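Undergrad: The residues making up each chain are set out below.
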Amino acid sequence: MVEEADKKAILSELENSVKNLQEEEAVEAAKKALAAGVDPVEAIEDGLAKGIREVGEKFGRKEMFVVELIYAAEIMAGAIKVLEPELKKAASKRNVVAQVVLGTVAGDIHDIGKNLVKIMLEAGGFEVHDLGKDAANELFVEKAKEVGAGIVGASSLMTTTVGMQKSLVDALRAAGVTAPMMVGGAAVSEEWAAEIGATYSSDAGRAVDTAKELAGKGE
Amino acid sequence: MAAKDIKRGLFGMKRLEVMDQSGAEAIHLNSLYLLENMGIKVTSDQGRQLLKDAGADVDKNTKVCKIPGYLVDEMMRKCKRPVKMASRDSKKDFVLDGRHCYTCTDGVGLSTIDLETGERRPSTKKDVGESAKVVDYLPMMHMYNPLVTPLDVPEHAHTVHEFQVSMDNCSKHYTTGSTYKKEEAIYQLKMAEAIVGGEKELKRRPIISNLTCTTSPLVLGMTTDAAIEFSKKGCPPLLMAMPLVGATAPMTVAGATLLGNAQVIALATVLQLAAPGSPLCYSSEPMAMDVQTGLMEGLFPAANMVRAAHVQMSRYYNIPIFIGGWGSCSKEPDVQAGYEKAFSAFIAYLSGADMTSGPGLLENWMVLSYEQLIIDHEMFTMMADMLKGVKVDDDTLALETIEAVGHEGHFMGKKHTIDHAREMWQPMVTDGQPYKTWKDAGSKSAADHAREKAKEILKTHHVEPLADDIRKELAAIVQEAEKNIPAK
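Chains Y and C, in that order, are what the protein sequence lines are. Mind the numbering: the first sequence is residues 1 to 219 in the numbering used here, read in order. Mind the numbering: the second sequence is residues 1 to 488 in the numbering used here, read in order.
Be a bit skeptical, because a hint or two may be false.
DSSO-like mimics (lysine-lysine), calculated; alpha carbons at most 30 Å apart, straight line [stated by the list, open to error]: (1) C:Lys14 - Y:Lys58; (2) Y:Lys133 - Y:Lys88; (3) Y:Lys81 - Y:Lys166; (4) C:Lys388 - Y:Lys62.
Rather than coming from a laboratory, the hints here were simulated on the basis of the structure. Here the structure is a predicted model, which is why all the values come from computation and not from measurement.
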């Protein structure tokens, strides 16, 4: 068993490396955590995730920039990669608010906003299954069924692809997926979301609040 | 942000020239011709005497002084270079080296758009103090020129009251925009000496400069006496020409430029005779006539072109320039105020102006708007960011980062992006939110955001106060000045 004091030190190293945007330090701290026998789930939840949550809060208060938030997420992803082999073997599981299937709809390749939502959701305790951009409706349906999605999120930036959100809702419902649907992107409005039976968020920060409200409503 | 951090032209950006070199030479030579053959009327006794002693042909009756060209040339070479603009807080000092751009508040209005009621009312000493405090806060404002004249103090001594309340509320360089009498100058300089610790120190660190007007066409008025006092104390006068294109100056840009230039170099000659090697700056605040109505408008294109041509002339003489007034004829902080100010200021800075006054006033420099002051500061920060030019080196080309991101990736989470993100211009009041967020937050315009910002600054900004003994000394000088400055 790892000494309590050592564990605490390692967890705060993980947290700080994300918080302070130190890429190499994050990887080092993750290696240290493995060597010391720290539970990888704890390393994520009480270390890395704490760091990204703080970055997210600072971003919300306009104390940090969006590019810093994304960088922090990449740093976190890099550290998780180190933890991954142990993570698979770990007895404990991550405490997940809900499974989210997320993607930019078919015909649209604009994914920066969607990526931001992903980062914020992950920082907020959601497990996000990212379908990337130009994702076909069938992909959404398949993944939602596979992971038992609590929420499906779809983004579109172009007015020419916003209609795809409606056809996605129809496809999901036809396939028996009842998870609530979240939509966003420059081409989307609150009125449009209401029309197709989805919930709108205007930015990544609000998407987390919306997701928390929607989590569990699909059952 | 320290004033010296604001850089332009450092990376090879070229100045805009509105005339070719022979055009600038023609303006100079014809100015010499006018001064030597037609002469300039000098109503200041002191000014006339100085010119006479130096060899000018002075007519006692008409007060017209014909100044030999060689004398003007010689005096222009004597001007101190570079010119330093010091501040109450020495960390905010700056040097005019021709490579940096600075901004000063506009002057001098007579009324204020009240921040609380939105109504126009006569301006007060409190307005001078509060607008000075806002300027102290705004990171890219470098100098304070009283935005309004206080109408609640004895009129003959308003300039000493302005200086007093400004020093209480602002630690940046001070420019007096309406010191017309010698006595006012003497008392303001006495106050400045009290603040910096004596005559010698003031010469080393001039915390006050004096915007001094010549009169078009071709008159140096009594304000010359006040300017001479500033020159003697090493505090730079800013020699302003204010030709009204089509009214007190020819209808053509070149003609108005010539007339204004002749006035400026004539006054520079007088001041260099009074105090050889003293610092001074060229200055220009032309207006143009609306040929339909006869009204004068400061921001008509012709007036802006005279500004740009005068900037080029200041470079010709290698002395710094203070371009007056990117004001606006608009009555409120609106679209018109925005485009008039933006065009006017930007062409001045692109031409290489060291300083401009502009932020804060509306209606041809008549009324103070706190909202406009904050918006104008925002405009200046945008301009200053562009004026830096483009730095091209291995780091800024980002070749490795481009390769690392690859096809279809993005740069948002890359170290190179983070390293440079803080250099990116950031808005203070410009609204960039999407429609929904904007609507939910009350559908606020830039002016609404600016009003809130001004209120917040006045509530929370702390200005390092003057030492008690200095405050007492200043109060005593103001009292003495009230007694001794003549009413007329």
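Undergrad: Output the indices of the hints that this structure fails to meet, ascending.
TA: Those not satisfied are hints 1 and 3.
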